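> Below, each chain spelled out in residue letters.
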Amino acid sequence: MAESESQEGNYYNWGKMVENIKTDMEELLEEMEKLTVRATWMTFDYTAIQTNPDLSNAMQHSEDVFLMCKEQMEKKWQEVLLE
Amino acid sequence: MNELFSKLYKEAEKIKQWKLTVETELNQKERKLQENKKTIEAQNKAIQELQFENENLHLKLEDEICENKDLLKEAAASRHLCNLLKETCTRFTEKTSKHEQEKAETIQLYEELHSNIERMTAAFEELRVQAENDRSEMSFKLKEEAEKVDKFEKECKLEVSQKEKQISALTIERDEKDDVIKDIKAQLQTSQNKIADLMEAKLHHEEMLKESQVSKEHLRAELEEAKMSLQKAEVTQKNLETELQTRVKTLIQVTGEKEEQEEECKKMKALLAALTEEFETSVANLKSLLQEEQNRLKKYEDDSKLLTLELQKKSAELEEMTKVKCDKEVQLEELSETLKEFQDLKAQLTSTAEKEQDYLKQLVTLKTDLEQEALRNEQLTVYLSKLSLEKEQTAQEKNAVAAEVKKLQEQQEDSKKKEENTKQLVENLEEANSQLRNELESLKQKMAKTGEEMRSALDEREENMNNLKKQVENKTKCIEELQQENKVLPKKLTAESKKSNTYEGKVNKLQIEMEKMNKQHKEAADIYQKDIETRKGNENKLREEVEKMRLLCDETAMIQRQTDARCQHKITEMMALMEKHKGRDFPACCGLQCVIPC
Chain W
11 MAESESQEGN YYNWGKMVEN IKTDMEELLE EMEKLTVRAT WMTFDYTAIQ
61 TNPDLSNAMQ HSEDVFLMCK EQMEKKWQEV LLE
Chain F
11 MNELFSKLYK EAEKIKQWKL TVETELNQKE RKLQENKKTI EAQNKAIQEL
61 QFENENLHLK LEDEICENKD LLKEAAASRH LCNLLKETCT RFTEKTSKHE
111 QEKAETIQLY EELHSNIERM TAAFEELRVQ AENDRSEMSF KLKEEAEKVD
161 KFEKECKLEV SQKEKQISAL TIERDEKDDV IKDIKAQLQT SQNKIADLME
211 AKLHHEEMLK ESQVSKEHLR AELEEAKMSL QKAEVTQKNL ETELQTRVKT
261 LIQVTGEKEE QEEECKKMKA LLAALTEEFE TSVANLKSLL QEEQNRLKKY
311 EDDSKLLTLE LQKKSAELEE MTKVKCDKEV QLEELSETLK EFQDLKAQLT
361 STAEKEQDYL KQLVTLKTDL EQEALRNEQL TVYLSKLSLE KEQTAQEKNA
411 VAAEVKKLQE QQEDSKKKEE NTKQLVENLE EANSQLRNEL ESLKQKMAKT
461 GEEMRSALDE REENMNNLKK QVENKTKCIE ELQQENKVLP KKLTAESKKS
511 NTYEGKVNKL QIEMEKMNKQ HKEAADIYQK DIETRKGNEN KLREEVEKMR
561 LLCDETAMIQ RQTDARCQHK ITEMMALMEK HKGRDFPACC GLQCVIPC
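Going down the list, the sequences are from chains W and F. Counting in the working numbering, the first sequence runs from 11 upward without gaps. Counting in the working numbering, the second sequence runs from 11 upward without gaps.
Calculated directly from the structure, the hints in this document are not laboratory data. Computed from a predicted model, the values in this text were never measured in an experiment. Take the hints with a grain of salt, since some may be wrong.
[To be verified] Which chain F residues face chain W? A few, computed with CB under 10 Å, are given here: (1) F15; (2) S88; (3) T100.
[Stated by the list, open to error] Examples of chain W residues toward chain F, derived with CB under 8 Å: (4) M35; (5) Y56; (6) S72; (7) F76.
[Unchecked claim] With a Cα cut of at most 27 Å, we get these calculated DSSO-like pairs of lysine-lysine: (8) K508/F / K526/F; (9) K44/W / K113/F; (10) K79/F / K32/W; (11) K44/W / K580/F.
All residues carry an ideal CB built from backbone N, CA and C; glycine is no exception.
I would like the entire structure built from these sequences, with the hints used as guidance.
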């Protein structure tokens with residue numbers, strides 16, 4: 011009987027523990043899901059940022075325009091006079 | 011009744027039906043009772059079986075309780091793991107939050123960089139476009155200015171050629187005028203020689219006049235002596251009436267001859283009057299010539315006005331040119347070349363100026379010569395005045411001589427009257443009278459000769475005077491022409507010098523403007539270079555920042571990869587644990603199993 015009672019108490023405690031574990035696991039899973047979502051979002055963002063060709067294109071465009079402007083500015087007035 | 015029967019019938023039917031139903035129900039209930047009995051028996055059997063099973067289950071439960079204890083332990087361990095997972099999750103959430111912040115910051119930085127880069131590109135493009143536009147405009151303006159400078163050079167060259175031509179023509183004219191001046195000088199010398207000769211002739215004539223006056227005085231003395239002789243011979247005149255008549259006749263003949271001479275004198279006077287008239291006509295002609303020359307002067311003045319107008323137009327054009335040039339930019343090398351050409355032109359202009367100065371010197375010498383000639387002309391005029399005075403004196407002497415001749419005639423008439431009154435002349439005085447009369451005749455002839463000589467001399471003098479007047483007039487004309495030309499030449503020279511000065515000033519202005527423009531261009535180039543350098547610095551800074559950001563991104567990527575690896579490891583561990591839990595307790599872990607695949 012004591013064993014049964016202890017067993018029953020343990021059973022109830024175990025049940026509670028199981029339930030607690032269950033709830034905790036559920037919560038953990040939810041958190042893990044959220045974290046995975048956030049991680050995927052972050053990966054997506056990082057990839058998007060790293061693979062964003064806008065900056066590189068803009069830099070190349072600015073370099074090209076700068077070079078063209080430099081060429082224009084470096085032209086001497088004598089060439090203009092010759093022209 | 012029918013209704014009642016119907017109703018009774020219906021109720022009877024209803025009762026029958028109720029009976030049937032009750033009977034059926036009873037049957038059913040009996041069947042159910044039997045079935046229930048059977049079921050009870052079966053259930054009793056099942057209960058027995060169940061009891062057996064319960065005993066088995068009791069055994070199993072005991073086993074399971076032992077397993078549950080183990081499971082509890084494992085659950086505690088799993089709980090620890092769960093706590094650790096929670097901690098890791100919290101850390102992960104924190105890191106993710108940090109990463110998100112950094113991501114937001116990186117996104118902002120990227121946006122800023124992008125915007126800056128776009129601004130830079132726009133600015134560079136604007137600069138390029140402005141540079142192109144400015145360069146194109148400058149090229150067009152330079153081309154136009156080059157064309158205008160070429161045109162101006164051509165015009166200047168044409169003007170220089172024209173001026174050179176004018177200078178050559180003026181030199182030719184000067185040479186001609188020098189020749190004319192030389193001729194005039196020769197004529198002056200000849201006229202001077204003639205004047206000297208005329209002076210000598212004058213002196214001779216004066217001497218002759220003096221001698222004639224002396225002779226006249228002698229004659230007067232002799233006449234007085236004759237009068238005395240006649241007075242002395244009044245007594246003897248009465249015997250000589252016939253001789254007196256013959257003498258009277260002879261006297262009449264002499265008077266006739268004198269009248270003829272007087273007529274000749276009158277004719278000569280008429281001729282002189284005609285000559286004076288001719289002189290007057292010549293004077294009128296000369297006056298007309300003077301008027302014509304005045305008209306020519308007016309024409310020249312008009313030409314000079316036209317030239318001044320042209321000069322004004324040219325000056326206006328020059329002013330316009332200066333305005334145009336002031337508005338434009340200046341060239342370097344071509345203008346230097348033009349400057350070199352201008353220097354050459356300057357040299358030419360200096361040479362021409364030197365030539366002009368030489369010409370001016372020549373003009374000054376000519377002026378001195380002309381002044382000397384003017385002085386000589388004045389002297390000639392003085393001599394002419396003197397000659398005119400002498401002429402007047404000779405005329406007066408002529409008049410005096412004529413008056414004296416009249417007086418002699420009157421005296422002769424008186425002598426005639428006296429002879430008529432006295433009629434008694436002396437035979438002894440015939441020879442004396444005849445001699446005296448012969449002497450008188452000779453003297454009269456001499457007087458006539460002298461008068462004729464004087465007239466001829468006067469005619470010659472008048473002719474010479476006329477020639478001299480003509481020469482003087484011609485000389486004055488030439489002098490006036492030369493003076494006008496001399497007046498015009500310095501003006502032209504001054505105009506040309508002014509033009510050269512204006513050109514020099516313009517050249518200097520253009521040089522100054524060139525220097526200013528060069529300085530401005532240099533300053534603009536320096537400014538542009540500085541801007542380029544600053545922008546290069548900014549670019550370098552931006553590149554450094556971009557590199558830094560790239561490094562940060564790499565680091566974040568690495569961190570992310572590490573976190574991903576850690577998460578994967580932990581996930582695998584969790585999966586393993588879960589699989590272990592799956593294998594041990596199915597019913598206890600059913601909830602977990604239900605949770606895990608989710």
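> Would you settle whether the hint for F76/W is holds or violated, based on the nearest Cβ-Cβ distance to chain F being less than 8 Å?
5 Å, holds
> What's the verdict on K44/W and K580/F, does the C-alpha distance respect the 27 Å limit or exceed it?
Holds: K44/W and K580/F sit about 16 Å apart, inside 27 Å.
> Do the numbers back the hint for Y56/W, that is, is its least Cβ distance to chain F under 8 Å?
Holds, about 6 Å.
> For the pair supplied as a hint, K79/F and K32/W, is the alpha-carbon distance within the 27 Å limit?
Since the Cα atoms of K79/F and K32/W sit roughly 17 Å apart, the hinted pair holds (cutoff 27 Å).
> Go through the hint on T100/F and say holds or violated, using the shortest Cβ distance to chain W against 10 Å.
9 Å, holds
> Interface hint check: S88/F, Cβ to nearest Cβ on chain W, cutoff 10 Å. Holds or violated?
Cβ of S88/F sits 6 Å from chain W, so the hint holds.
> Are the Cα positions of K44/W and K113/F separated by 27 Å at most?
18 Å, holds
> Check the hint pairing K508/F with K526/F against an upper bound of 27 Å on the C-alpha distance.
Roughly 26 Å between the alpha carbons, so the hint for K508/F and K526/F holds.
> Is the interface hint satisfied for F15/F? The criterion is a beta-carbon contact with chain W at less than 10 Å.
75 Å, violated
> Would you check whether M35/W satisfies its interface hint, that is, whether its CB is within less than 8 Å of any CB in chain F?
Holds - the Cβ of M35/W comes within 8 Å of chain F, reaching about 6 Å at its closest.
> Regarding the hint that S72/W lies at the interface with chain F, is the smallest CB-CB distance below 8 Å?
4 Å, holds
When each numbered hint is compared with the structure, a violation occurs for hint 1 only.
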